[in-house]
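Protein chains in written order, with our numbering: chain P, 498 to 1578; chain B, 97 to 356; chain Y, 363 to 675.
By construction, these hints were calculated from the structure, which means they are not laboratory data. Be aware that one or more of the hints could be misleading.
[Said to hold, decoys possible] List time: in silico PhoX-like cross-link candidates among lysine-lysine, alpha-carbon distance up to 20 angstroms:
1. Y:Lys421 to Y:Lys436
2. P:Lys1084 to B:Lys307
3. Y:Lys470 to Y:Lys421
4. P:Lys1084 to B:Lys329
5. P:Lys1205 to P:Lys1331
6. B:Lys307 to B:Lys329
7. Y:Lys470 to Y:Lys497
8. P:Lys1176 to P:Lys1143
9. P:Lys1120 to P:Lys1148
10. P:Lys1409 to P:Lys1143
11. B:Lys195 to Y:Lys470
12. B:Lys307 to P:Lys1059
These figures come from a predicted structure and were not determined experimentally.
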Amino acid sequence: MKGYTTPLGLVGAALIVAGGLAYLLDPESGSVGLINLGLGALLVVVTGILNPDLFRLYGRWLNAFWGGIMVFGIVVMVNFLGNRYADRIDLTEGQLHSVSDLAVETLKGLDREVRALAFMEGGEQVELKLLLAELETIGDRFSYEFVDPDRDPVRTEDYGIRRYNTLVLESGDKQQKITELKERQIVNALLKLTRDRQDKVYLTVGHGERRLGNEPQALGVLQARLGDIDYSVGDSLFLAREQEVPEDCAVLVVAGPRTPFFSLEVEAIRAYLAEGGAVLLLLDPLYESGLERLLSEWGVSLGDDFVIDTSGIGSLFGLDFTTPVAVSYGEHPVTAKHGGMMTFFQLSRSVQFSEKAGLEGTPLVMTSEAGWAESDLSVLESQGDHTVKLDEGVDRPGPVNLAMAVHDAAGGGRLVVFGDSDFTTNQYFDHQGNGDLVLNALSWLAEDEGLISIRPRDPGYNPIALTESDSEWIFWLSVVLYPALIALIGLMVVSSKGRWSLADLSAAGLGVVISLGIAGLVNFMGDRYNIRHDMTADQLFTLSSDTHRLIEPLQANGQYVKVKTFMGEMEGLRFQDLLEEYGYISKNFTHELIDPQKNQLQVEQNNIRERGTSIVEVIVDGKVHSERITERSEEALSNAILKALKAKDQKAYFTGGHGEAELDQVDGEGYSILKGRLKELNFAVESGIALTADVPDDATLLVVLGPKAPFAPAEVEILRRYLGGGGSALLLLDPGTATGLEGLLDEYSIELGQDFVVDLSGMGQLFGADVSVPVVINYGDHPITEQLSAGTMSFYPLVRSVRPAAHREKNLEIEALVYTHKSSWGEMDLRPIKGEGGKVEFDPQVDLRGPVSLAVAVAADADTSMVADGRSRLVVFGDAGFASNEYFSQQANGELAVNSINWLTEDEDRLKIADRQPAHNPINLIGNQGSVILWVSVFILPFAVALSGLVMVLKRGYQTYAAGFVSWLVYSFLANGLFFFVSGVVATSEGTVLAGESKLLAALASVAIGYGIHRRASWAWLPALVLSALCAGMVALTIFTGSGIGSSLIPNETVQLFYAAIFVVNAAILLWIKRVFAEVN
Amino acid sequence: MRNFAAIYSKEMRSYFVSPVAYVIAGVFLFLSGYLFRNILMQFNLWCLQFGQRAQQMGGQMPALNLNEMVVTQFFGVMDFIWLLVIPMLTMRLFAEEKKNGTIELLMTSPIRTVEVMLGKFFACFSLYSIIVGLTLVYFVILEAYGSPDWGPIFTGYMGYLFLGATFISVGILASALTENQIVAVLLTFGMLLLFWLIDWSASFAGPTAAKILHYLSFIEHLEDFQRGVIDSKDVIFYLSFTFFCLFLTTRVIESRRWRR
Amino acid sequence: MIEVSELSKHYGDVVAVENISFKAEKGVILGFLGPNGAGKTTTMRMLTCYLPPSHGEAKVAGFDIVEESMEVRKRIGYLPEQPPVYHDMTVGSYLRFVAKIKGVPGPKLNSRLDDTMEKTGIAHHRDTVIGHLSKGYRQRVGLAQALVHEPEVLILDEPTVGLDPKQIIEIREVIKGLGGDHTVILSTHILPEVSMTCGQLVIINNGRIAGEGTPESLMAQLKEGEVLRAHIDGPPGAAVREMIARIDGVLDVSQEPGSEEGVFLVTSLPGQDVRDALTRQVVEDGFSLRELRPLDMTLEDIFLSLTSEEVTA
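One chain only, chain P, in its complex shape (with noise of 0.2 angstroms):
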């Protein structure tokens, strides 16, 4: 009777324990917990009176238990505390991490609700996040939250958030933005946020000044920008009326004034500033505003001039040179934060400053050396000669200072003077950084003392400058001889018990050294000499013959090949390898990657215009010479390459005389980029010969740009003799003037149309250009059209057409270049083009109907009646214009220039080598393939392997192996146990009367095994047997149909695998380790 006292006890306590248990857990529904804890305590009443001495025995084991309870509430309890009253103390150097009084006195005395809403990247970021929280417990009427833009674009775009990482504060309907995350940046926020002080600007009115308005040249965008950050900007302040500028002024704005100020205005303004009032000043060139003289007493003068900027950046824009570009910026608050960011200015003067006694004054925008001051205004006049030099003496040469910034230390008073007024306009606002630039201007003019005085939070900057020896000492000391002291100590140590001689040391040292210097002699060897085998299908890194014969002699000849491709380290990895095969080819070829982001330096000195340009430069005896590519291939390389190497100086020569086109003429109209783009391509160039004696044989390339008079009969010939001696020509030839060519032309079977084209296919108007200037979208099939990419335009203001003739020269290639929409003609009237009237329409008899062919390319081979060595190529286009500074950068039209020149410049030993790129061999796993692999390769084979080793293992000694089976099992019913213990408690808070108390059971049933495996009774192993049968079989019940009291118990599918498979391993132990029962009673 007394042996089934014990278990009669074990189960009140359990059931006692989950009725607690899921009593705690829901308390509403826990009543069939109640029953359990009272049926429990039940039963252990019961086992106290029919077996007294049970306490006695288990007493130690139940007060363990109870102490144990108590230890644990008092841990949480500790916990608790802790979490709820934290003090933090901060030992960082500048108390960074701990918030500055005055943000603390802004959090308490915030007397309205702020909320803080973080627009960050990805969501997160920890060091704001702590910053806020710390802002939070400060302040109670505080909060912030996180928010992710790409998770939820709706709300970024309610606040009209740009750019990541974004704070806004918002309070009421008053809302503060900022980006630059810092503690005092936000206070500051915080401050505009909820002090009412409403900051006026006052705009002067009266003399021309630009108004606020939406048309494109006034200041709306401006204006509204202002009310964000809580300005708001009145325009009525007629000087001359108020005689003084209104006390609540924070900035006077003076924009673009085009008459004078009177005295008295001068004076009102000379009172406020005196007073320590702010004033900006933008003063466009050739208007005269009065305020010099008050400017000269802040030590500001304008130059009379205005600034011009050649350095062609302005061209990535579509500007010309009378828009000077600012590229580098003064130290000033105004501009720290533009370094990188490009702003331009339609139109600017000159502005300078001179030293003044208590004055401080900074330039703000400078230009690039490329751009000067120019004095002579008469040329922006409509009429004037365009052509603009640099004249010494006269002009102020580059860089030049476009903007000053004065502060007054004493008095307070703050001026900002700017040399233009349109970058502030609606029109190029929002263009670059020019919006920042005038706002940064505002807010430094009015910023308020009060908030400047934040001690600085940024941890302050401590960098370490290791010089070149210190850096040297610290390496010989932390890599070598520290670790040697160590050793030394440690060898002493071992050589003081007698076990090393010095003898034996020294010949250890000997033999280590020598066989050290052999593995370093194979080495170098094998560095120096070694043979590559490309085992890949597509012989991925084989270079093709032609480059190894190029590349391999580099050495021999003492010829240097470096190449530079600027892109970043992730991009064209496959044009990576291919550097990387050249460079083991021969010593004498290195190549350097240049990310363009990183040094910007580089891509301005190179002016790289695509990322993935390469630049190949060869030095071939002292003297350097570069060729560049974009296309990132192996033919494209080898081929630079090879022009490079053979390359004789090229020369071009423009022919004059006929009126043709300025070569240095840096306006819309001239060719001022055409002639850099053929200095890139390594071209001498010389404008202006005259076709009375031959061409010189130097001559690789002959230009006629825009001929405005017929060519000579005897100019002709000089033109055919040149031709015929295989010389290569480009003619660009404007429409409505006679040329004298045409029969030259036409033995070329080249067509040159007396006409002028029209296109009435309407996409001239995406460029507001009129039908007088075709736009072309489709390409004939030749080597100077097939790079351009599907789509891209060209277009031809005042082209004429330019066909392959009906009559056709025995094997010459001719191939038509660009045709137009066939909703265009040629025009044979060219009255309308002279602007003597006439009208254009479609004339079937006499017009050309489209499409129209506006350029050939005609390559005559010896084997032609005209050359009679080698071979010439030309190449005619009906328009001089599309070339043209103005029109160069635009579209395609200076590729289209580039590709001609390339073409006829091309050597006659052009490499073809065809481009290995790997394989395109996706694979698809469709449905249950993918779950295949994943048992075989993670589960199945490791199993098996270790399942294997098992086996091996057990043969070999049955004793000790089996008792760490039998506590394999222990553990494994041990721990089914209290898995079942842990669901019974879970069902029974939640209600479910059965199912909770099967499970309990279950779980002591569990338990009781275990303990009986522990013993090895042997009544514990058939129900063990049984246990792990069931359980076995039910999850695999729910794994393969999918439902059963298998998937309620552990809802996860693999899980419900390991759990079966555990249990089936223990029915295998159970049934090899049968002995070890059998054995032990």
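Given the coordinates of chain P, work out where chains B and Y should sit on it, guided by the hints.
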């Protein structure tokens, strides 16, 4: 030669009898299986995505190369696992002999130290090769679902065998240096990691030093193998490194004679 | 079979062994006696070519241990202090491995294995893992590995240390059986063992040979006189001691240390036997003679006398 065979078979048997080999193989295969599956699934996902987009873009699709994205990637990831596993394999080779005095048996038997060392080296190398060989299954699976290029796979494995040989030679050297197996493991791990990261400091060193440091790094030489190119310079590097370590090991074992 | 002349070994300035010389004929069992750290193990390690000597030379079976160390190693079976066994191998596979590396030719391998296991009584443990064997059986496996290739010379370093008495006796029997066809060098510091098994003795003390020869010759060298152990009982207080002293030829009478009253050690001049005179006297005085036997000089005495103070051989 018979002595070499005797040592070799004894070491092999002791590897396969003790649970060490199986545990290591099991853990390694589990990790590599997991990695392989993920790399494969990732690639499969890309194929699906690009597949749909290809229809929209009219067939113009970046080259989804099974080799580049799966084979090379898989090899690229695997070498680090070996850095962790091989020290465990090599730690017992000599350290255990010294601990239970069987080194005296070997040293007083009529066999040369070189034979002992080579026997042990090749036994460990064979076990390593078997475990690496087991990963071939993944490429059979790959063959079933796609058409991998067996060139880079072959060179990838070759690269692994060379790398393994070098790692094991370093492990044996460490095992010969100390009786205590834990010290042997740490020593091996330290040396392997050093040569693994050595090229990192190249960016600070001077040009020639940088070139040497790059040359000494283990993984630099593996890149060619993983891409499908066998370069004699890498083969020489691995072989000479292994030779050097094995030579040192024999010297260290011989030196037992100088000491008590 | 083994000739050692002026063998010495220095580690830096520590002198482990200082020009040791001795000879051992074929079939002899030579006892190598000495306190711990006397240089026994170092000498043995030099003989088995494990450690190169600092100077001096030794020949085993005619081969020099430095020049022809391979030949020497073929002919030596060496059981170091700690049996060189692999705990994870079975006895059979271990001995097979040792036989191979000791150069036992293939065909003879199995017969040698069975024979050695038989001899050392571990045949029934052929497939047990050595790790599971008891210390005694492990020692037997150690011995087996030294015998498996039928070496001409056997060098055993304290083979019976750590064994229980029964196992010690068994091992001794095995070693005794080896005499005759093997030359055995047995190093030990258990003296009864030596007296029972060894035919020749070398006593070594801090690196030098303190004494050499057969046990008898050593005793003869050191014996100062005959010693009798007499156990005479008489009435209490009787002057037994004086009585013995008076017998002529008796040099000294002393109570045997540690035994009970009435047991005396009687030292007499060398070569003179006083036993008859003593018995007659005892009868005359009416005492009773319990026991009277001559006491040879025990090895302990030899050992102590040799190693306690400097005795030049």
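Checked hints:
Between Lys421 of chain Y and Lys436 of chain Y the alpha-carbon distance is near 13 angstroms, which keeps this suggested pair within the 20 angstroms criterion. With a CA separation close to 13 angstroms, the supplied pair Lys1084 of chain P and Lys307 of chain B stays within the 20 angstroms bound. For a cut-off of 20 angstroms, the pair hint linking Lys470 of chain Y to Lys421 of chain Y is broken: about 28 angstroms separates their Cα positions. A threshold of 20 angstroms between alpha carbons decides the hint, and for Lys1084 of chain P with Lys329 of chain B the separation of about 15 angstroms falls inside it, so the pair holds.
Restraint check: the Cα-Cα separation between Lys1205 of chain P and Lys1331 of chain P comes to about 13 angstroms, which is no more than 20 angstroms; the hinted pair holds. Between Lys307 of chain B and Lys329 of chain B the CA atoms are separated by roughly 14 angstroms; this keeps the pair inside 20 angstroms, and the hint holds. Among the hinted pairs, Lys470 of chain Y with Lys497 of chain Y is inconsistent with the structure: their alpha-carbon atoms are about 29 angstroms apart, more than 20 angstroms. Taking the CA atoms of Lys1176 of chain P and Lys1143 of chain P, the gap is near 17 angstroms; set against the 20 angstroms cutoff, the hint holds.
Taken as a hint, the Lys1120 of chain P and Lys1148 of chain P pair is honoured in the structure, with Cα atoms around 17 angstroms apart against an allowance of 20 angstroms. As the CA atoms of Lys1409 of chain P and Lys1143 of chain P are separated by approximately 17 angstroms, the hinted pair is consistent with the 20 angstroms bound. Distance restraint check for Lys195 of chain B and Lys470 of chain Y: the Cα-Cα separation of roughly 32 angstroms exceeds the 20 angstroms cut-off, and the hinted pair is therefore not satisfied. Distance hint between Lys307 of chain B and Lys1059 of chain P is fulfilled; the C-alpha atoms sit about 18 angstroms from each other, no more than 20 angstroms.
When held up to the earlier numbered hints, the structure conflicts with 3, 7, 11 and fits the remainder.
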